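Peer 1: Heads up: the sequence shown at position 3 corresponds to 3 in the working numbering, and the numbers run straight through without jumps.
What the hints contain is simulated information worked out from the structure, not anything from laboratory work.
Computed from a prediction, not measured in an experiment: that's the story for all the values here.
Any given hint could be a false lead.
Derived SDA-like pairs (lysine to any residue); straight-line CA-CA distance at most 25 Å [what the hints assert, rightly or not]:
hint, residue 1, residue 2
1, LYS368, CYS356
2, LYS113, TRP226
3, LYS113, PRO373
Derived DEER-like restraints, expressed as beta-carbon distance ranges [stated by the list, open to error]:
hint, residue 1, residue 2, range
4, LEU485, LEU411, 17 to 25 Å
5, PRO442, VAL352, 24 to 32 Å
6, LEU198, LEU505, 40 to 48 Å
7, GLY152, LEU94, 37 to 45 Å
8, LEU213, ALA303, 47 to 55 Å
9, LEU221, ARG37, 44 to 52 Å
All C-beta atoms, glycine included, are put in the ideal place defined by N, C-alpha and C.
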Amino acid sequence: MQGPDILALERSPQNRELASEIVRFTRRSARRYKRSRTSWGDLVVDAYSWGLGIGVALTIAASFVLALRNEIADRASTANSIIRAPWLVLPESLLWTSITFAALLVISNLARKLGPMTVNGAENTWWLTLPVDRRPMVLPPFVRKVALTAAGSAIIYLPFSTVTAVDRAPLEHVLTSLTFGAAGAIAVVLAAVQQLALLNPRLGKAIAATVLLVCSVLPALPSSPWPTALVAVAAVGLFAVVVPRAGQVRGDELVRGGAVAGHAGASLFMMDPNEVLRALGGNRKRVDGGRAARFYARPSRGALRALIRADVVAFLRLNPPLVPPILWLVACTAILLVEGGLPEFAQLAVIVISGCATASGMGSAARKTALVPELDALLPLHPALVRASRALMPCLAMAVWMGVLSGLLVLLGAANPWLIGVGALAGVGMGAGTLRAATRTPPDWTAPPVETPFGPVPRAQLGSLMRGLDVTILAMVPVLLALYLGYVPTSVITIQAVFSAGIFLVVVLSRAKRI
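All chains, please: the whole structure from these sequences, using the hints.
Peer 2: What follows is the structure in C-alpha cells.
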C-alpha cells in the first residue's frame, strides 16, 4: 500500500472518477452524521444568535468607520498630530499602498502556513493511502478557500477604502474592493504555487512578493475598471495553472498543512491565543545555536545563573524574527508623517497595536517553557526567581525596542529626550506582560455568559483572553500620556517607573498555574 508521501502516478479518467466517488461518499456520510445530531430548533436558535451578533457588530463597525471617515475628511493640516511640525511628509497614497501590500503579504504567508491544499487527520488515514488521483480530494476545499478569501478581502477592504479615500465615488470604492479581493485570491494561489514546488523556494517567494507589490498599487487606481479586470484575469490565469496540478502536492505537505490548520482553528474556537501562535510558528525549522554557543560554553556558578543562562540561550536559539519589530517601527513612524496628519487617537492606537504585537513576538521561549510547568517546580529555586529569569530576555528586548521607538519619536519632535528613558521603562513592563500572557489559564467554559443589551458576553473567557494584554497596555499609558502632552513631566517618569516595577513584581510573584 502506498505511503502518504508517494504520489499516485495513474491519472486515468476511471481513476479520477473513483477518487471523486470516494470524496462524495465521505462527505455525504459526514453530512448525514451531522444532521442526525442536530435538530431544527438548534439551527434556528444558532442562526438567530449569529444573525443578531453579526448585525450588532456591523452596526458598531459602520458607526466607527463613518466617524473616522468624517474625522479624517475634516482635518486640514498636521495640527492635530502628535508631531506638530514634521520635517518630512509622506504622501497618503504611499502609506495606504504600503498597508495594502502588507495585508497581501499576511494573506499569502498565512495561506502558505495553513496549506492552502490540506487534508485533515481522518482524510490522511482514509484518502492518502489509496492509489488514486488526489486532485478530486484536495481541489474542492482549495477552491472554497480561494473564493472565501476573495470575498472576505473585498468586504474588509471596503471600509478601509471608505476611510482612506473620502473623495471617491461609491462605484469607485466597490471597484477598489473587488480589485483587492482578486489580489487576495492571487495571494492564496501563489501560496499554492509554492506548495507545489513549481519554482525554487527563494525564487518563488521573490516572484510572489513582486506580484503582490504590483497588486497593491492597482487598488489606488479606481478611476476605471481596467485595474479590476487586470487583477481578475491574472487570478484566473494563475488558478488555471494550479488546478491541473492540484493532485501533485506531496502527502507530507498535505498532512502538515492540515495539522497546522486544524490546530489553529481549534485554538481560535477555544479562544486560546497561545495555541494559535504555537500552531502558526510550529513549522519553523531554523534553530540557530551559533548566536549563543560561546555564551553557553562559559561555566556558571549557582542554579540561578545557570537558569538565566539557559533562558538567554533559549531566547537566542529560537531566533526571534527581527523583520516584524522593524516593520512595526517603520509603521509607527510612517503613520505620524502621513500627509494631512491622522487624528491623534489613531496615531496612539497604532503605537499601542505595534507595541502589543511586538511584545507577543518576544514571548516564544516563555510560551514553550510554559507548556510543562512541572519542570520549573523541580528547580532548586524559588518560583519567583524562576519567573524572573523567564521574563529577563523579553523585558530587555522590549526595553530596547521601546527605546528605539521613543528615540525616533524624539528625533521627529514628538517630545523631549526624557521620552527615551520613559519608553525603555515601559518596555520592562511590556516584557513582563509577555510572561503573563504565556502562562495564562485556559478559558473557563463552565462559567455562564453575562447577558448584555448586545447579547450574551463570555466574561470569563474574555478575561482569560485579555490576560497579559492588559498589563502590556497599562505599561504604555505613561508613554502615551507624554506623547499626547508633547513633553515628559517629572511625574510621568515617576509614574512609569512605578507602573513597570509594579507590573514586573506582580507577574513574578504570581503563582504559576497549569495551562
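Peer 1: Regarding the pair LYS368 and CYS356, is the alpha-carbon distance no greater than 25 Å?
Peer 2: With Cα atoms ~19 Å apart, LYS368 and CYS356 stay inside 25 Å; holds.
Peer 1: Honestly, do GLY152 and LEU94 meet the 37 to 45 Å range at C-beta?
Peer 2: 26 Å, violated
Peer 1: Kindly confirm whether 44 to 52 Å is satisfied by the beta carbon distance between LEU221 and ARG37.
Peer 2: 51 Å, holds
Peer 1: Starting from LYS113, check that the Cα of TRP226 is at most 25 Å away, please.
Peer 2: Given pair LYS113, TRP226 is violated - Cα atoms ~32 Å apart, limit 25 Å.
Peer 1: If I claimed the Cβ atoms of LEU485 and LEU411 lie 17 to 25 Å apart, would that claim hold in this structure?
Peer 2: At roughly 18 Å between Cβ atoms, LEU411 and LEU485 fall inside 17 to 25 Å, so the hint holds.
Peer 1: Does LYS113 pair with PRO373 here, judged by a C-alpha cut-off of 25 Å?
Peer 2: 28 Å, violated
Peer 1: Holds or violated: the 40 to 48 Å window for the beta-carbon distance between LEU198 and LEU505?
Peer 2: About 55 Å separates the Cβ atoms of LEU198 and LEU505, which means 40 to 48 Å is violated.
Peer 1: Quick check on a hinted range of 24 to 32 Å for PRO442 and VAL352, using CB atoms only.
Peer 2: 26 Å, holds
Peer 1: Is the hinted range of 47 to 55 Å satisfied by the C-beta distance from LEU213 to ALA303?
Peer 2: Holds - the Cβ-Cβ distance for LEU213 and ALA303, about 52 Å, lies within 47 to 55 Å.
Hints 2, 3, 6, 7 from the list above are not met by this structure, while the remaining hints are.
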